[in-house]
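Full structure from sequences and hints, please.
Number of protein chains: 2
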Amino acid sequence: MTKINTRKSPEHTRQLVLTATLQLFTEKGYFNTSVRDIARESQVSIGSIYHHFKDKEGVASAMYNDLLKRMSESLDDIQRNKDSAYERCHAVIELLFKVTEEEPRLMEFMMYSKHREFLPDEAPICSAQPFKLMREMVAHGMETGEIQNIDLMVASSCLYGGAIRMITSRLDGIIEKSLLEYVDSVWECSWRSIAVNQQV
Amino acid sequence: MTKINTRKSPEHTRQLVLTATLQLFTEKGYFNTSVRDIARESQVSIGSIYHHFKDKEGVASAMYNDLLKRMSESLDDIQRNKDSAYERCHAVIELLFKVTEEEPRLMEFMMYSKHREFLPDEAPICSAQPFKLMREMVAHGMETGEIQNIDLMVASSCLYGGAIRMITSRLDGIIEKSLLEYVDSVWECSWRSIAVNQQV
DNA sequence: GTCTATACGACGATAGAC
DNA sequence: GTCTATCGTCGTATAGAC
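Line by line, the protein sequences give chains Y and F.
The first sequence: position 178 = 178 (our numbering), numbered continuously.
The second sequence: position 97 = 97 (our numbering), numbered continuously.
It is worth saying that the hints were derived from the structure and are not from the lab.
Wrong hints could be hidden among the right ones.
Same chains, same label: a pair holds when it works inside one copy or across any pair of copies.
Using 27 Å as the maximum straight-line C-alpha spacing, the simulated DSS-like pairs for lysine-lysine come out as follows [to be verified]:
id: 1; residue 1: Lys-132; residue 2: Lys-114
id: 2; residue 1: Lys-98; residue 2: Lys-114
id: 3; residue 1: Lys-132; residue 2: Lys-69
id: 4; residue 1: Lys-132; residue 2: Lys-82
id: 5; residue 1: Lys-132; residue 2: Lys-177
id: 6; residue 1: Lys-114; residue 2: Lys-56
id: 7; residue 1: Lys-69; residue 2: Lys-56
id: 8; residue 1: Lys-28; residue 2: Lys-98
id: 9; residue 1: Lys-54; residue 2: Lys-177
id: 10; residue 1: Lys-82; residue 2: Lys-98
id: 11; residue 1: Lys-54; residue 2: Lys-98
id: 12; residue 1: Lys-69; residue 2: Lys-82
id: 13; residue 1: Lys-54; residue 2: Lys-69
id: 14; residue 1: Lys-28; residue 2: Lys-56
id: 15; residue 1: Lys-82; residue 2: Lys-56
id: 16; residue 1: Lys-54; residue 2: Lys-28
id: 17; residue 1: Lys-114; residue 2: Lys-82
id: 18; residue 1: Lys-82; residue 2: Lys-54
id: 19; residue 1: Lys-177; residue 2: Lys-56
id: 20; residue 1: Lys-177; residue 2: Lys-69
id: 21; residue 1: Lys-69; residue 2: Lys-98
id: 22; residue 1: Lys-69; residue 2: Lys-114
id: 23; residue 1: Lys-28; residue 2: Lys-177
These numbers come from a predicted model, not from an experiment.
Right, dumping it as structure tokens:
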């Protein structure tokens, strides 16, 4: 039985592989997914996969970078459409919660996977573009006087840390309601932790 | 060449294996560590390992539960020696920072490893005993009136989330100084996020 | 560029002597 | 309870026809 994929554009094949890979990695993880699995799921033969990518790690790397790019684009949107750090950071948390609800396994992959175990040359997630953008927003808030002028790392961690823990708890199944119901109360605490006190 | 370990107590052998396993898993991860590696590192033969543990997963499970137990004991100590939620939670963060500095790979294992990939029957880390104890301390603070009476999950996430993000950033190498230098500033923000406002 | 068939090594796990 | 030797499986990756 021959495969269907004869004479399709290389870009198309690449996309088939990456889509299947994302699906499988988020379901079973990198190490529990074989190249054979990817071939089956994507309807692309092993030979073709190795033609387009150097090896299994190469597939993972391409897929991972696609993910980061998508996330960065969403963050750029926020930066364009909101002016204050207050609005921007609030929107970021809402975005993260939304992705968690709509594509939980994708978020699980981004949160949990210790990329260095299978992508030893990839930068750690914290220095990746999305996190940089998130920190930039905090820095901007310090310039405008919205946020206390403390260590940037401390401020970012405290501002986003609560939301991120909510996400992992939700993914672990110990929060039952949709995260979107918690946006306001989480945001209230998070913002208070580093905001310049207005009422003095 | 024969191994040295003839006629030692079974408990001793078990410990040799578990120590080596922790070492290897924190260095290379579960999937990058073979049973052969464990045998070599622990100086215990493969046959003996399989005599004491059901399979590779059994070794991981025993080691993981030992870790959780150690952590729980430290938290119990804190609960015994401090009375207020303020002091207890502060001590918890200090403890976590200290472990991060002294045994970074161990902390890396606890933070990053998605246990469900290799321990599918193990409860997620967030519902494990240490995290339960940490939430109990927050609940206690609500009873004493130190902490705002909001959703327990939200409060816990915001109180500990900032510190936990500092830990992952430190492990990822994007914080260069010892975390212990940040205890006070992190704590100040974290506590402010959920404390009952005293100054009104 | 796509495919099938296969090489080859490493892995988890077991058998059975001591 | 400890060990060595080995089995069978499955993984990644390649060779080579179309």
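The hints, checked one at a time:
| no. | hint | in the structure |
| --- | --- | --- |
| 1 | Lys-132 / Lys-114 | both (18 Å within a copy, 24 Å between copies) |
| 2 | Lys-98 / Lys-114 | both (23 Å within a copy, 22 Å between copies) |
| 3 | Lys-132 / Lys-69 | within (13 Å within a copy, 36 Å between copies) |
| 4 | Lys-132 / Lys-82 | within (17 Å within a copy, 38 Å between copies) |
| 5 | Lys-132 / Lys-177 | between (30 Å within a copy, 19 Å between copies) |
| 6 | Lys-114 / Lys-56 | both (16 Å within a copy, 20 Å between copies) |
| 7 | Lys-69 / Lys-56 | within (20 Å within a copy, 37 Å between copies) |
| 8 | Lys-28 / Lys-98 | within (22 Å within a copy, 33 Å between copies) |
| 9 | Lys-54 / Lys-177 | neither (42 Å within a copy, 38 Å between copies) |
| 10 | Lys-82 / Lys-98 | within (18 Å within a copy, 39 Å between copies) |
| 11 | Lys-54 / Lys-98 | neither (34 Å within a copy, 41 Å between copies) |
| 12 | Lys-69 / Lys-82 | within (20 Å within a copy, 46 Å between copies) |
| 13 | Lys-54 / Lys-69 | within (21 Å within a copy, 43 Å between copies) |
| 14 | Lys-28 / Lys-56 | both (15 Å within a copy, 18 Å between copies) |
| 15 | Lys-82 / Lys-56 | neither (40 Å within a copy, 51 Å between copies) |
| 16 | Lys-54 / Lys-28 | both (22 Å within a copy, 23 Å between copies) |
| 17 | Lys-114 / Lys-82 | neither (32 Å within a copy, 35 Å between copies) |
| 18 | Lys-82 / Lys-54 | neither (41 Å within a copy, 56 Å between copies) |
| 19 | Lys-177 / Lys-56 | neither (37 Å within a copy, 36 Å between copies) |
| 20 | Lys-177 / Lys-69 | neither (29 Å within a copy, 30 Å between copies) |
| 21 | Lys-69 / Lys-98 | within (17 Å within a copy, 35 Å between copies) |
| 22 | Lys-69 / Lys-114 | both (18 Å within a copy, 23 Å between copies) |
| 23 | Lys-28 / Lys-177 | within (24 Å within a copy, 36 Å between copies) |
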